[in-house]
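Protein chains: 2
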Amino acid sequence: MDYRVIEELAIPNDSKMVLVVLDGIGGLAIPGREGTELHVARRPNLNLLARRGSCGLMDPIMPGVTPGSGPAHFALFGYDPVENNIGRGVLEAAGIGMDLTPSDVAVRINFCTLGPDGRIVDRRAGRIPTEECERLCEKLQRAVNLGDGVEFICRAVKEHRAMILLRGEGLSGDLLDTDPQQVGLEPLPPRALVDTEESRRTIRVVGKLLTQAREILADEPKANFILLRGFAKNRHYRSLQERFKLRGYAIANYPMYRGVAKLIGMDLHPVTPDVRSQFEALREKYADYDYFFLHVKYTDSRGEDGDFDAKVRVIEEVDSYLPIVTALEPQVLVVTGDHSTPALLKAHSWHPVPVALVSPTARMDDVERFDEVSCAKGILGRFPAVELMALMLAHALRLKKFGA
Amino acid sequence: MDYRVIEELAIPNDSKMVLVVLDGIGGLAIPGREGTELHVARRPNLNLLARRGSCGLMDPIMPGVTPGSGPAHFALFGYDPVENNIGRGVLEAAGIGMDLTPSDVAVRINFCTLGPDGRIVDRRAGRIPTEECERLCEKLQRAVNLGDGVEFICRAVKEHRAMILLRGEGLSGDLLDTDPQQVGLEPLPPRALVDTEESRRTIRVVGKLLTQAREILADEPKANFILLRGFAKNRHYRSLQERFKLRGYAIANYPMYRGVAKLIGMDLHPVTPDVRSQFEALREKYADYDYFFLHVKYTDSRGEDGDFDAKVRVIEEVDSYLPIVTALEPQVLVVTGDHSTPALLKAHSWHPVPVALVSPTARMDDVERFDEVSCAKGILGRFPAVELMALMLAHALRLKKFGA
Numbered sequence: 232m233d234y235r236v237i238e239e240l241a242i243p244n245d246s247k248m249v250l251v252v253l254d255g256i257g258g259l260a261i262p263g264r265e266g267t268e269l270h271v272a273r274r275p276n277l278n279l280l281a282r283r284g285s286c287g288l289m290d291p292i293m294p295g296v297t298p299g300s301g302p303a304h305f306a307l308f309g310y311d312p313v314e315n316n317i318g319r320g321v322l323e324a325a326g327i328g329m330d331l332t333p334s335d336v337a338v339r340i341n342f343c344t345l346g347p348d349g350r351i352v353d354r355r356a357g358r359i360p361t362e363e364c365e366r367l368c369e370k371l372q373r374a375v376n377l378g379d380g381v382e383f384i385c386r387a388v389k390e391h392r393a394m395i396l397l398r399g400e401g402l403s404g405d406l407l408d409t410d411p412q413q414v415g416l417e418p419l420p421p422r423a424l425v426d427t428e429e430s431r432r433t434i435r436v437v438g439k440l441l442t443q444a445r446e447i448l449a450d451e452p453k454a455n456f457i458l459l460r461g462f463a464k465n466r467h468y469r470s471l472q473e474r475f476k477l478r479g480y481a482i483a484n485y486p487m488y489r490g491v492a493k494l495i496g497m498d499l500h501p502v503t504p505d506v507r508s509q510f511e512a513l514r515e516k517y518a519d520y521d522y523f524f525l526h527v528k529y530t531d532s533r534g535e536d537g538d539f540d541a542k543v544r545v546i547e548e549v550d551s552y553l554p555i556v557t558a559l560e561p562q563v564l565v566v567t568g569d570h571s572t573p574a575l576l577k578a579h580s581w582h583p584v585p586v587a588l589v590s591p592t593a594r595m596d597d598v599e600r601f602d603e604v605s606c607a608k609g610i611l612g613r614f615p616a617v618e619l620m621a622l623m624l625a626h627a628l629r630l631k632k633f634g635a
Numbered sequence: 232m233d234y235r236v237i238e239e240l241a242i243p244n245d246s247k248m249v250l251v252v253l254d255g256i257g258g259l260a261i262p263g264r265e266g267t268e269l270h271v272a273r274r275p276n277l278n279l280l281a282r283r284g285s286c287g288l289m290d291p292i293m294p295g296v297t298p299g300s301g302p303a304h305f306a307l308f309g310y311d312p313v314e315n316n317i318g319r320g321v322l323e324a325a326g327i328g329m330d331l332t333p334s335d336v337a338v339r340i341n342f343c344t345l346g347p348d349g350r351i352v353d354r355r356a357g358r359i360p361t362e363e364c365e366r367l368c369e370k371l372q373r374a375v376n377l378g379d380g381v382e383f384i385c386r387a388v389k390e391h392r393a394m395i396l397l398r399g400e401g402l403s404g405d406l407l408d409t410d411p412q413q414v415g416l417e418p419l420p421p422r423a424l425v426d427t428e429e430s431r432r433t434i435r436v437v438g439k440l441l442t443q444a445r446e447i448l449a450d451e452p453k454a455n456f457i458l459l460r461g462f463a464k465n466r467h468y469r470s471l472q473e474r475f476k477l478r479g480y481a482i483a484n485y486p487m488y489r490g491v492a493k494l495i496g497m498d499l500h501p502v503t504p505d506v507r508s509q510f511e512a513l514r515e516k517y518a519d520y521d522y523f524f525l526h527v528k529y530t531d532s533r534g535e536d537g538d539f540d541a542k543v544r545v546i547e548e549v550d551s552y553l554p555i556v557t558a559l560e561p562q563v564l565v566v567t568g569d570h571s572t573p574a575l576l577k578a579h580s581w582h583p584v585p586v587a588l589v590s591p592t593a594r595m596d597d598v599e600r601f602d603e604v605s606c607a608k609g610i611l612g613r614f615p616a617v618e619l620m621a622l623m624l625a626h627a628l629r630l631k632k633f634g635a
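One line per chain: the protein sequences are A and B, in this order.
The first sequence begins at 232 in my numbering and counts up by one.
The second sequence begins at 232 in my numbering and counts up by one.
It should be emphasised that the hints constitute simulated quantities derived from the structure, not laboratory data.
Where hints are given, some of them may not hold.
Below, computed lysine-lysine pairings styled on DSS-like, alpha-carbon distance capped at 27 angstroms [claimed, not checked]:
(1) B:LYS389 / B:LYS453
(2) A:LYS608 / A:LYS389
(3) A:LYS631 / B:LYS577
(4) B:LYS577 / A:LYS632
(5) A:LYS247 / B:LYS577
(6) B:LYS528 / A:LYS632
(7) A:LYS370 / A:LYS439
(8) A:LYS608 / B:LYS608
(9) B:LYS608 / B:LYS389
(10) B:LYS577 / B:LYS389
(11) A:LYS516 / A:LYS476
(12) A:LYS631 / B:LYS528
(13) B:LYS389 / A:LYS632
(14) B:LYS577 / A:LYS476
(15) B:LYS516 / B:LYS528
(16) B:LYS247 / B:LYS476
(17) A:LYS370 / A:LYS389
(18) A:LYS453 / A:LYS439
(19) A:LYS439 / A:LYS389
(20) A:LYS631 / A:LYS247
Computed from a predicted model, the values in this text were never measured in an experiment.
From just these sequences and the hints, can you work out the full model?
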């Protein structure tokens, strides 16, 4: 897909586009049940969308490739998922609302407990409360001084987990975790994946950070050190506005998805208590944006749990909220997933996901049900997720004619 | 689609290939009718082709992209439509039979009427008759002298419309229209889209042309000046013969389509009075060529009019002529469109178009009807139009085996 063409054709208008992502929606049959989680779910509203719209089956990245959440969502937003593959650290940092510069290196940290011999006693420092984590992050933030033109920014996430940014020129994101993944061992020293001038500089900076952290935290009873993992360097992303003339709004409750949305310039809705309030947020903010991304996490979570029936219940719950969206009559409404998470596999999978695209400019095919097998026979055929944005823009009449 | 491979494999043989293009054939349902224009049309012969052949759904350029006629036809002939996107001026100049060199700049002109104050009184010079236009073009042709190694070639098109070629080295096609699109204003001076040495040279040449035209036409009562639009520079195209070993013949009545066909080396059938005579022309010329392009314009025209029923009638008319082609038993017969022009939208659209490919070497699928929804389930699946030529060549046994 040559998105340079699409970007040259993109024009603004007054239409509204809504993308509802049921994370990990695609499934597989399990013994004793008729079909996948979708087949089994009572889903009158999803089926109504399938009947009213154009259906298809979408490969998250390319056939056979199981995606992480990052690339899967970049693709849904029209960003090449291979080109735009980025470390989890950056996505989570953006997702918890940290403002990153394009050259920042983000690192996930765990507070941990070291014994008197310097070996790890508890990799999670007894899962300290989040308020405790906040106090420790402020303590580090006040005392750490990396010098050498490198700024240190620290933010608590949850319990023993926090996030840091290393801000400065010439830093690398190609460092390995210092967490040995096992108690009884010493934390690993900072090491690089590849030996470059930048990685050597970053090893020096991180070494200094670890030395300082050990001193600063020495008097803490539990959280007396930090383990670093998920080093990732940010980069510049052209925004949805720049590329497609879209003001985007993300209604997503988990950091990863908030992170991707933020990196490409969407505004983020505050975290909501439940799925229903996500749909209500869409209604409240409907006048203010062009493109809405509503992300439901729990289909994926229950799939990862291997709990077929619980995933079915999440689908049924989301189905019941869909009339809130359809009542708004967006020019383009797409319901789909970012990938499959079959309960059978308890993990993400490569299987393509069903898509229903509803619009006054969409062709109605004869698909009557929203599931993997029915949608495979739809008029959209099978296509890679990265093409979805162009299809949505086209149906919203937001793409000019190409050529004379 | 890597056409270098296809070109290396192409071999000549005695087979005949026929491509029937119903311009803008794809449609959308309108309220109160069951399905698209194709669904509604009585189309026994189209359905027979769908039953006998392999069916599919074809994206003109790429998903979501609405093409102009130029790129849509380049794709149908196996030319990358993005690489080969070219200005309308060139296509129309070629289409009215002007012989272009690869470095010519083509410009569409309107004769117009200026008032004594130099402002435009009539942008179409009262729609002077075509013979009058021919006289004025001859007058310009005799008197204009651009010097500087630039040749001026002028040809009447219809009523107030004509075409000029600027032939010389180092000219640019990136100039803006001089037509301000409004009466009461002065014509705009020549300006460039981008400032380059070539565009500055072209501005000087065009400035000279406008000065001379004003003098030459000063004594004309109506057509006393010209407005320039659609500047476009030609380029070199490798021919169907060079690329695919095909002698091509185009039976098309409108300049744009004749233009594309001519640029890639097809011979052009003289303009015919109606659609039936286009099919008869195919029969007459059948012995002389390998590849026939038969272009029916009116499906698109009625779609652009927003006249659903009139478009249905054009489909039914074309359907009635199809036995003329099938009686010839070409090795490969493809019926399809260059893009959709749903009456609902009164414009070209991005929706993919149905394809039926009939050949003794084609797999028969179970598609029974020629329409968008039925063909979507065909054995050709969904594919971009640029792949069609390779499919046609293959079914004509005109591609050697690739590799050992």
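Now the hints, each set against the structure:
1. Of the supplied pair hints, the one linking LYS389 of chain B and LYS453 of chain B holds, its CA atoms being roughly 16 angstroms apart against a limit of 27 angstroms.
2. Taking the CA atoms of LYS608 of chain A and LYS389 of chain A, the gap is about 44 angstroms. The hint is violated against a cut of 27 angstroms.
3. With a C-alpha separation of about 14 angstroms, the suggested pair LYS631 of chain A and LYS577 of chain B falls inside the 27 angstroms cut-off, and the hint holds.
4. With a C-alpha separation of about 13 angstroms, the suggested pair LYS577 of chain B and LYS632 of chain A falls inside the 27 angstroms cut-off, and the hint holds.
5. Note on LYS247 of chain A and LYS577 of chain B: the hinted pairing holds, with a Cα-Cα distance of about 22 angstroms set against a maximum of 27 angstroms.
6. For the proposed pair LYS528 of chain B and LYS632 of chain A, the alpha carbon gap of about 18 angstroms is at most 27 angstroms, so the pair holds.
7. Distance restraint check for LYS370 of chain A and LYS439 of chain A: the Cα-Cα separation of roughly 16 angstroms lies within the 27 angstroms cut-off, and the hinted pair is therefore satisfied.
8. A C-alpha spacing of about 7 angstroms is found between LYS608 of chain A and LYS608 of chain B, which places the hinted pair at or below 27 angstroms, so the restraint holds.
9. Straight-line distance between C-alpha atoms of LYS608 of chain B and LYS389 of chain B comes to about 44 angstroms, which puts the hinted pair past the 27 angstroms bound.
10. Taken as a hint, the LYS577 of chain B and LYS389 of chain B pair is honoured in the structure, with Cα atoms around 25 angstroms apart against an allowance of 27 angstroms.
11. Annotation: proposed proximity of LYS516 of chain A to LYS476 of chain A holds, straight-line Cα distance about 18 angstroms (limit 27 angstroms).
12. About 22 angstroms separates the Cα atoms of LYS631 of chain A and LYS528 of chain B, which keeps this hinted pair within 27 angstroms; it holds.
13. Between LYS389 of chain B and LYS632 of chain A, the direct Cα distance comes to roughly 26 angstroms. Compliance with the 27 angstroms bound is thereby established for this hinted pair.
14. Proximity of LYS577 of chain B to LYS476 of chain A is assessed by CA-CA distance (about 24 angstroms); at most 27 angstroms being required, the pair is judged to hold.
15. Between LYS516 of chain B and LYS528 of chain B the CA atoms are separated by roughly 20 angstroms; this keeps the pair inside 27 angstroms, and the hint holds.
16. Taking the CA atoms of LYS247 of chain B and LYS476 of chain B, the gap is near 12 angstroms; set against the 27 angstroms cutoff, the hint holds.
17. A threshold of 27 angstroms between alpha carbons decides the hint, and for LYS370 of chain A with LYS389 of chain A the separation of about 16 angstroms falls inside it, so the pair holds.
18. At roughly 22 angstroms between alpha-carbon atoms, LYS453 of chain A and LYS439 of chain A fall within 27 angstroms of each other, so this suggested pair holds.
19. Between the alpha carbons of LYS439 of chain A and LYS389 of chain A the distance comes to roughly 25 angstroms, so the proposed pair stays at or under 27 angstroms and holds.
20. The hinted pair formed by LYS631 of chain A and LYS247 of chain A meets the criterion: a straight-line CA distance of about 17 angstroms does not exceed 27 angstroms.
Violated hints, listed in ascending order, are 2, 9; each of the other numbered hints is respected by the structure.
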